[in-house]
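S.K.: Given chain H's structure and the hints, the job is docking chain G onto it.
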Amino acid sequence: MKVLLNGEFIQLPEEIVSVSDLLKHYEIHDKVVVVEVNGEILISENHQSTRLSDKDRIEIVHFVGGG
Amino acid sequence: MLKIGPLSFNSRLLLGTGKYPSYEIQKKAVEVSEAEILTFAVRRMNIFEPSQPNFLEQLDTSKYTLLPNTAGAKTAAEAVRIAKLAKASGLCDMIKVEVIGCDKTLLPDPIETLKATEELVKEGFIVLPYTSDDVVLARKLQEAGCHAVMPGASPIGSGQGIINPVNLSFIIEQAVVPVIVDAGVGSPADAALAMELGADGVLLNTAVSAAKDPVKMAKAMSLAIEAGRLGYEAGRIEKKRYATASSPKEGMSIG
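As they're listed, the protein sequences go chains H and G.
Residue 24 in the numbering used here sits at position 24 of the first sequence, and the numbers go up by one each step.
Residue 124 in the numbering used here sits at position 124 of the second sequence, and the numbers go up by one each step.
The following block holds chain H by itself, in its conformation from the complex (with noise of 0.2 Å):
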């Protein structure tokens, strides 16, 4: 499927099923983060049962130094 994620187009690999599969698939499902899949913010234990599908919009952000 193809995604908008972080404002790139990306065609993820088929396997790509849930959030959860998306994070281990960049690597970063042990760093903080938190997914918003089109408007909706995800708690981390919604990301196994969040399922994916063709052109969601999806935004993956964490905390970085500011005042």
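A portion of the hints provided could be inaccurate.
Label-pair distances were calculated between CB atoms; the ranges are [as the list claims (entries may be wrong)]:
(1) H:46 x G:212: 43 to 49 Å
(2) H:43 x G:77: 19 to 25 Å
(3) G:78 x H:43: 18 to 24 Å
(4) G:75 x H:54: 15 to 21 Å
(5) H:50 x G:78: 21 to 27 Å
(6) G:111 x H:49: 35 to 41 Å
Don't read these hints as lab results, they were simulated from the structure.
Positions of the beta carbon are idealized from the N, C-alpha and C atoms, including for glycine.
M.R.: Chain G alone, transformed into the frame defined by chain H:
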């Protein structure tokens, strides 16, 4: 004790985590500052380079309270979204509302700041809005249920110190929640003055992170804030136009 909503802190210094020369220096600066609240920003992750270092990963998050900000937001709706993203991490319930209304001065948009505060209070956040030094706005933010007001001393990162101590003292006098002076602090003297005016805390970043020696400056700020607070509690003397002798006038052996 600094009390913000249900939380209590020994330190009255809130430290930003941006723009340090290195993570090693930052770690030491955070340690010596004795700050218990650290601010962060929320940004898109560069997922294509996940190995990039991140300060939060090097931090024992059980020892600190995280205060994410909504920096980057220009509207209340954007600020609310960033706050919700931050909370979904499961690491924090506090949010620094920062809605910038002017790119050059980085001064906050008062109307959007108030709207975001109202919304986030309803959503159950512990809300600390960064605001201009306007007493009326500070009161409205309090009425909206914010848990602290954070008036700027001067523009963010400017290091100009407290450019309007009168306005700041007006805010402090009418406050029913903690007043944390946020932004513009340049030197330990500025931080001490904020505390002497009766502020409950100081939030600063650039003054430490961009100092020649950030670790030493972190210590200096910590001491200045403590000294300023003690001075405030002790109660300073009135200013007089003329001198008053400290030594007794009686019993002089001259004349």
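S.K.: Now look at each hint and say whether the structure bears it out.
M.R.: Evaluated hints:
no.	hint	verdict
1	H:46 x G:212: 43 to 49 Å	holds (47 Å)
2	H:43 x G:77: 19 to 25 Å	holds (21 Å)
3	G:78 x H:43: 18 to 24 Å	holds (21 Å)
4	G:75 x H:54: 15 to 21 Å	violated (30 Å)
5	H:50 x G:78: 21 to 27 Å	holds (23 Å)
6	G:111 x H:49: 35 to 41 Å	holds (39 Å)
The structure does not agree with numbered hint 4 stated previously, though it agrees with all others.
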